Amino acid sequence: MLEPSLDLYGSTFDSVDGILRELLARSRARYALIIDHKGFVLMHARALWAPKPPSFDSFATLVASNYAANRAIANLFGEDGFRETVQQGAEVGTYLEELGAEALLVTVFDTTAQLGRVKIATKHAADAIRVALESAEEAPPAMEFDADFQQDANALLDGLFGTRQR
Amino acid sequence: MSTINFSAREINFKIVYYGPGLSGKTTNLKQIYQQVPAESKGEMVSLATEDERTLFFDFLPLDLGKVNGFKTRFHLYTVPGQVFYNSSRKLILRGVDGVVFVADSDPARLRANAESLRNLRENLQEYNMRISDVPLVIQANKRDLPEALDLSMLKAVLDPQGKVPVYEAVAANFEGVFEPLRGVATMVLEKLAQRA
Numbered sequence: 001m002l003e004p005s006l007d008l009y010g011s012t013f014d015s016v017d018g019i020l021r022e023l024l025a026r027s028r029a030r031y032a033l034i035i036d037h038k039g040f041v042l043m044h045a046r047a048l049w050a051p052k053p054p055s056f057d058s059f060a061t062l063v064a065s066n067y068a069a070n071r072a073i074a075n076l077f078g079e080d081g082f083r084e085t086v087q088q089g090a091e092v093g094t095y096l097e098e099l100g101a102e103a104l105l106v107t108v109f110d111t112t113a114q115l116g117r118v119k120i121a122t123k124h125a126a127d128a129i130r131v132a133l134e135s136a137e138e139a140p141p142a143m144e145f146d147a148d149f150q151q152d153a154n155a156l157l158d159g160l161f162g163t164r165q166r
Numbered sequence: 001m002s003t004i005n006f007s008a009r010e011i012n013f014k015i016v017y018y019g020p021g022l023s024g025k026t027t028n029l030k031q032i033y034q035q036v037p038a039e040s041k042g043e044m045v046s047l048a049t050e051d052e053r054t055l056f057f058d059f060l061p062l063d064l065g066k067v068n069g070f071k072t073r074f075h076l077y078t079v080p081g082q083v084f085y086n087s088s089r090k091l092i093l094r095g096v097d098g099v100v101f102v103a104d105s106d107p108a109r110l111r112a113n114a115e116s117l118r119n120l121r122e123n124l125q126e127y128n129m130r131i132s133d134v135p136l137v138i139q140a141n142k143r144d145l146p147e148a149l150d151l152s153m154l155k156a157v158l159d160p161q162g163k164v165p166v167y168e169a170v171a172a173n174f175e176g177v178f179e180p181l182r183g184v185a186t187m188v189l190e191k192l193a194q195r196a
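Protein chains in written order, with my numbering: chain P, 1 to 166; chain R, 1 to 196.
The set of hints was computed from the structure by calculation and includes no laboratory data. All figures in this text were calculated on a predicted structure; none of them were measured in a lab. Treat the hints with care, since some could be wrong.
[Unchecked claim] Think about it this way: if two alpha-carbon atoms lie no more than 27 Å apart in a straight line, the pair counts; the simulated DSSO-like pairs of lysine-lysine are:
#, chain 1, residue 1, chain 2, residue 2
1, R, K155, P, K52
2, R, K41, R, K30
3, P, K52, R, K163
4, P, K52, R, K66
5, R, K90, R, K66
6, R, K66, R, K30
7, R, K191, R, K90
8, P, K52, P, K119
9, R, K191, R, K155
Take these sequences, add in the hints, and give me the full structure.
If you want it as structure tokens, here you go:
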């Protein structure tokens, strides 16, 4: 399946990294992540004061799945999707913005941040990231897969799962 | 299609365990979680009902190590097998790179196996994917059942053309759990190498 993905590389990466850090500073949120629709983390930033985060792998998977489920619910009612996805617990909340068809921007905040400020800063960051992506000039390099690639991969698979039996 | 993250130097693959209800998909993931060393795995997440039936999915990230300087990871998912959870199954298949089809060797479940495979084919079509384009292996699970179906019968129903690797397993005893995962992992890596 040709799943759309973001090319976050070189100067685009640096630019988006700066936007995420600015988002954290403006909103006083703990973490900001860009994840794809398969649930993989593409980039993340963490406020200096923020506590150690939970596993971002698990978090990203759950956010992407939750987003997909919410979208399916919206479709049942003839909507393309829901305009806002906010979740608030007693201490921690998340706010999500779409980054086109390719990815999601999610901000994790706690009671020290105001929801309104988080929303505005996240929307602003999402706009800035879209602009940065549109003006990206540097394409990621083509990846080379030589004979060593398969050999190295097989050796690692042997190490993890045992020798291949055919 | 695999996700290549150049900035983080990561290659990520999504492997989905598919099959009829109670065929042993979650058991596979639990066994993998128990057997893989701590440094090669992340947290296992299960979204299940109170009676431990999969409601949405189970998830387990595995870290293979560095290939060509890229950290290579597999995200393993199960789907809920029960017929009425098809919406969830469809969502989980998004962006799939490889499938382990867990078939139940119980003769009473032969029809359920066939229906689940047909359902896999239909759900992949929703993403404009053909089942023949997706790296696929079949795990014939519960081979320890006294009345277990002949393997030839399972193959005749699920893969009459004999194109798909089939592995026998008793997942609950950790027999034949790694082999199909290794098989599908090899296939997705070969596919990535061919694409480049």
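K155 (chain R) paired with K52 (chain P) [C-alpha distance capped at 27 Å]: Answer violated: K155 (chain R) to K52 (chain P) is near 49 Å, above 27 Å.
Need the status of pair K191 (chain R), K90 (chain R): alpha-carbon distance at most 27 Å? With Cα atoms ~23 Å apart, K191 (chain R) and K90 (chain R) stay inside 27 Å; holds.
Sort out whether K163 (chain R) lies within 27 Å of K52 (chain P), counting only the CA atoms. Distance ~47 Å between K52 (chain P) and K163 (chain R) Cα, so the pair is violated.
Does the structure keep K41 (chain R) and K30 (chain R) at a Cα separation of 27 Å or less? holds, 12 Å
Within 27 Å, alpha carbon to alpha carbon, are K191 (chain R) and K155 (chain R)? holds, 24 Å
Between K52 (chain P) and K66 (chain R), does the CA-CA distance stay at or below 27 Å? This hinted pair holds, its Cα atoms lying about 25 Å apart.
Take a quick look at whether K52 (chain P) and K119 (chain P) sit within 27 Å of each other, Cα to Cα. Holds: K52 (chain P) and K119 (chain P) sit about 23 Å apart, inside 27 Å.
K66 (chain R) and K30 (chain R): Cα distance at most 27 Å? holds, 25 Å
Given hint K66 (chain R) paired with K90 (chain R) - CA-CA distance at most 27 Å: This hinted pair is violated, its Cα atoms lying about 31 Å apart.
This entry does not satisfy hints 1, 3, 5, going by the numbered hints stated previously.
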